[in-house]
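Asks: Start counting the sequence shown at 0; every next residue gets the next number (numbering that gives the first Met the number 0).
Hints were generated in silico from the structure; no laboratory data involved. Check before you lean on any hint, since a few could be wrong.
Stated by the list, open to error - Label pairs and their computed distance ranges (CB to CB):
1. D118 x A36: 42 to 50 angstroms
2. L95 x T44: 45 to 53 angstroms
3. D73 x T44: 20 to 28 angstroms
Claimed, not checked - No more than 20 angstroms apart at the CA atoms, straight line, and that leaves these computed lysine to any residue pairs for SDA-like:
4. K108 x L120
5. K52 x V24
6. K52 x D7
7. K108 x L95
8. K56 x E71
9. K86 x L99
10. K56 x A19
11. K56 x D17
Even for Gly, the Cβ is constructed at its ideal location relative to N, Cα and C.
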Amino acid sequence: MPQKTIGDQELALLREVDAAGSLSVAEAAEQFGGPRALARSTVLTMLERLRAKGHLKRASAGGSYRYSAAIEPDSLAERALESFVAKTLGGSVTPLVAFLAERGEVSAKERAELERLLDRLKSKEDEA
Numbered sequence: 000m001p002q003k004t005i006g007d008q009e010l011a012l013l014r015e016v017d018a019a020g021s022l023s024v025a026e027a028a029e030q031f032g033g034p035r036a037l038a039r040s041t042v043l044t045m046l047e048r049l050r051a052k053g054h055l056k057r058a059s060a061g062g063s064y065r066y067s068a069a070i071e072p073d074s075l076a077e078r079a080l081e082s083f084v085a086k087t088l089g090g091s092v093t094p095l096v097a098f099l100a101e102r103g104e105v106s107a108k109e110r111a112e113l114e115r116l117l118d119r120l121k122s123k124e125d126e127a
């Protein structure tokens, strides 16, 4: 069963937890919620939603829970992109590549990475 998708703010919280290794509710409320003017209860709700969706896990530590990432945030972004390509672009990556080409804001480093990935695709085709 695929994991449920998450919103931008949940993804930001997941990245915050992942970067810290683990966070208590109090730490998450201070580090993540504070700058965004979110109440502690809101941060707790977000943590629990992420846990219910399978993105976070929690462990009891000294009378409180510590939350840590159950999956890598990068793999979550990869799944979101896969879903976008399948649902929005009908399974074709061509419109996405065309958008990048038209936009003209692809750096030399990004272009080199895209070329490396295309070479990898060609190698897979040759092997098949």
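Asks: So, for every hint listed, does it hold in this structure?
Replies: Outcome of the hint check:
no. : hint                           : verdict
1   : D118 x A36: 42 to 50 angstroms : 47 angstroms, holds
2   : L95 x T44: 45 to 53 angstroms  : 34 angstroms, violated
3   : D73 x T44: 20 to 28 angstroms  : 25 angstroms, holds
4   : K108 x L120                    : 19 angstroms, holds
5   : K52 x V24                      : 18 angstroms, holds
6   : K52 x D7                       : 15 angstroms, holds
7   : K108 x L95                     : 18 angstroms, holds
8   : K56 x E71                      : 12 angstroms, holds
9   : K86 x L99                      : 19 angstroms, holds
10  : K56 x A19                      : 14 angstroms, holds
11  : K56 x D17                      : 11 angstroms, holds
Checked against the numbered hints given earlier, the structure breaks only hint 2 and satisfies all the rest.
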